[in-house]
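Chemist: Okay, here's what each chain looks like letter by letter:
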Amino acid sequence: MVMTTPPDRIGTPEGTPAPLLDVRGLRYVYPGASVDALAGLSLAVGAGEFVAVVGANGSGKSTLARLLGGLEKPAGAEVATVCDHDLLTHEGRMNARRDVGVLFQNPENQLVAECVEDDVAFGLENLAWAPAEMLARVDEMLARFGLTELRRREPHLLSGGQKQRTALAGVLAVPRRILVLDEPTAMLDPAGREEVLAAARELRAEGLAVVYVTQEMDEVVGADRVLALEAGVVVYEGSVDGLFGDGDLVRRLGLGLPAAGELALELAARGRTVTPLPLTADDLLAALGGAS
Amino acid sequence: MSDHLGHVVERGAQASPLHTAGMALECRDLGFSYTEARTQIPALRDVAFSLEAGGSLALLGASGSGKSTLLQVVKGLDAPETGAVLLDGAGGGEAGYSGLQRQVGLVFQTPELQLFAASAREDVAFGPRRLGWTEAEVAAAVDEALELVGLPPERFGERHPYALSGGEQRRLALAGVLAMRPRLLLLDEPFVSLDPATRRELSAILVRLRASGVTLVLATHDVDLAWALCDELLLLDAGRVRAAGGWEFGEEGAGLLGAERLREPFLVQLWRRLGRDPRQAPRTYAEAAEALA
Numbered sequence: 026m027v028m029t030t031p032p033d034r035i036g037t038p039e040g041t042p043a044p045l046l047d048v049r050g051l052r053y054v055y056p057g058a059s060v061d062a063l064a065g066l067s068l069a070v071g072a073g074e075f076v077a078v079v080g081a082n083g084s085g086k087s088t089l090a091r092l093l094g095g096l097e098k099p100a101g102a103e104v105a106t107v108c109d110h111d112l113l114t115h116e117g118r119m120n121a122r123r124d125v126g127v128l129f130q131n132p133e134n135q136l137v138a139e140c141v142e143d144d145v146a147f148g149l150e151n152l153a154w155a156p157a158e159m160l161a162r163v164d165e166m167l168a169r170f171g172l173t174e175l176r177r178r179e180p181h182l183l184s185g186g187q188k189q190r191t192a193l194a195g196v197l198a199v200p201r202r203i204l205v206l207d208e209p210t211a212m213l214d215p216a217g218r219e220e221v222l223a224a225a226r227e228l229r230a231e232g233l234a235v236v237y238v239t240q241e242m243d244e245v246v247g248a249d250r251v252l253a254l255e256a257g258v259v260v261y262e263g264s265v266d267g268l269f270g271d272g273d274l275v276r277r278l279g280l281g282l283p284a285a286g287e288l289a290l291e292l293a294a295r296g297r298t299v300t301p302l303p304l305t306a307d308d309l310l311a312a313l314g315g316a317s
Numbered sequence: 016m017s018d019h020l021g022h023v024v025e026r027g028a029q030a031s032p033l034h035t036a037g038m039a040l041e042c043r044d045l046g047f048s049y050t051e052a053r054t055q056i057p058a059l060r061d062v063a064f065s066l067e068a069g070g071s072l073a074l075l076g077a078s079g080s081g082k083s084t085l086l087q088v089v090k091g092l093d094a095p096e097t098g099a100v101l102l103d104g105a106g107g108g109e110a111g112y113s114g115l116q117r118q119v120g121l122v123f124q125t126p127e128l129q130l131f132a133a134s135a136r137e138d139v140a141f142g143p144r145r146l147g148w149t150e151a152e153v154a155a156a157v158d159e160a161l162e163l164v165g166l167p168p169e170r171f172g173e174r175h176p177y178a179l180s181g182g183e184q185r186r187l188a189l190a191g192v193l194a195m196r197p198r199l200l201l202l203d204e205p206f207v208s209l210d211p212a213t214r215r216e217l218s219a220i221l222v223r224l225r226a227s228g229v230t231l232v233l234a235t236h237d238v239d240l241a242w243a244l245c246d247e248l249l250l251l252d253a254g255r256v257r258a259a260g261g262w263e264f265g266e267e268g269a270g271l272l273g274a275e276r277l278r279e280p281f282l283v284q285l286w287r288r289l290g291r292d293p294r295q296a297p298r299t300y301a302e303a304a305e306a307l308a
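Chains as they are written, first to last, in the working numbering: chain A, 26 to 317; chain B, 16 to 308.
Pulled out of the complex, with its shape left as it was, chain A reads as follows (with noise of 0.2 Å):
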């Protein structure tokens, strides 16, 4: 399913209660910037709902993310509402900024405090939380990613992934409904990865929506929807399997397959042809047994 004019309300049939998240021809320009960095972007999400947002660098992923999160102010848009706030408006993106988490790729933007435990505590200190409560949440946060030992450590000291864990339990030691994640696996070793898609899914699980951008293909496979960009718009929304299964489409956003799928790809080439097309190692295997 190729679109060129994105539908608006895809993944919230009639009946539904509104999205959390509801923008419709969001558009950004970086200054001095000659193209869009978002030229037109539409896109709801509902609670509980995981959407994955795929792309090559530079199709405006990461420029989405700081947009919903409320970090930057739209050029334009019909609509962009988080949480019942307009993100159009001043007062709407210091709201969003509660209510919307953002987990950017690289952590050492977002670490900010002289020690770990700090650092989790940081988003609730602004909030003014009493300090038993803010105590046992950050306790609960340390414990959720394996931070307990490192808790007095300072943020510079830390590894990648150690620091990428204490962003992201700052990020969700505010309670939030909406969870921006922007490539939040690039730096962590395979078991942190999974420790992160693990407590979005978890997240989501909870009623959260979760926006997941992602250039790996494999943590794609397991989301409600997945939304490819090009140049600032999606030019496809819809099923995991609508979109590794068009090959054309994969190519031209420079973008892969899981694992499982480039090698059924390449037995594809060999003769060999595998369908439906697995995006997991049990589907693989599922398809090569029943083939053989």
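You can take every hint at face value.
Residues of chain B clear of chain A, computed beta-carbon distances all greater than 12 Å:
1. Ala39
2. Arg43
3. Ala110
4. Glu162
Label pairs and their in silico Cβ distance ranges:
5. Asp266(A) to Ser113(B): 55 to 65 Å
6. Arg298(B) to Met119(A): 49 to 59 Å
7. Asp249(A) to Leu128(B): 30 to 40 Å
8. Ala223(A) to Ala274(B): 13 to 23 Å
9. Ala138(A) to Glu302(B): 41 to 51 Å
10. Thr50(B) to Arg91(A): 31 to 41 Å
11. Pro301(A) to Arg288(B): 17 to 27 Å
12. Thr50(B) to Ala138(A): 17 to 27 Å
13. Ser65(B) to Arg297(A): 41 to 51 Å
14. Asp61(B) to Ala168(A): 24 to 34 Å
15. Arg170(B) to Asp266(A): 29 to 39 Å
16. Gly57(A) to Gly147(B): 30 to 40 Å
17. Met119(A) to Leu128(B): 23 to 33 Å
18. Gly57(A) to Arg288(B): 49 to 59 Å
Covered by chain B, per the in silico footprint, the following chain A stretches (three or more residues, Cβ under 8 Å):
19. 80-87
20. 208-217
Rather than coming from a laboratory, the hints here were simulated on the basis of the structure.
Glycine included, each C-beta is placed from N, C-alpha and C at the ideal position.
Following the hints, position chain B against chain A.
Modeler: Relative to the frame of chain A, chain B by itself:
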């Protein structure tokens, strides 16, 4: 491109400052620690391994296991507290050692953050100029490096680094290191944040470098790319070597990687689950498909 690389080798043999033959690396009982609030935090402990000239080594380990520190010590940016780094058999203090150190290239994690010049060509020329090469040698090295990373100088040479895409910036930063003709190339998580198409391009560049004889050390969490690109591995755990040498994928190997917050490469897992010998697992999807088709 392989023809082009052959050209580099040939010219390197003629001009004395230019090298392409790989460098042998040996680390003897390296120790290094960071100091925090007057407490020593050990980052490397008794790290010992060797890699032949032209070899390719995957440096694996969890976040915080010491991979980046080891690369910095090998490059000479940090002096080891104990032990020694031997380059082509020579140790620190021996005649010619600093010259050998200059033939070690280190590509940092997210190296594009260090681009600074007003044009791609000037950025890549910075390193070779500091090596004292003539302007003609610098110009030739810059053109070759830009070509090698897929940024042809006639198209990209005058572009401002910040006007390039993220993937182009990463390749430009790599060109800045390759222009100095490293004989030992150290790469710290070179694939982080790249889109899949750019990863494929970068991995093809590394395959060509390996084929040209450059010794490669690749620190990464990406076990699949490590499996595809590197013949040997060094597994670090809290600064200590847990495994060194060939990829061992008996039952112990799987457990070893899992214990280090890693996993076996996809193709190794697949071979195991297909009831085939995981030690014979193919390195690429194409090889796997050949075996399965």
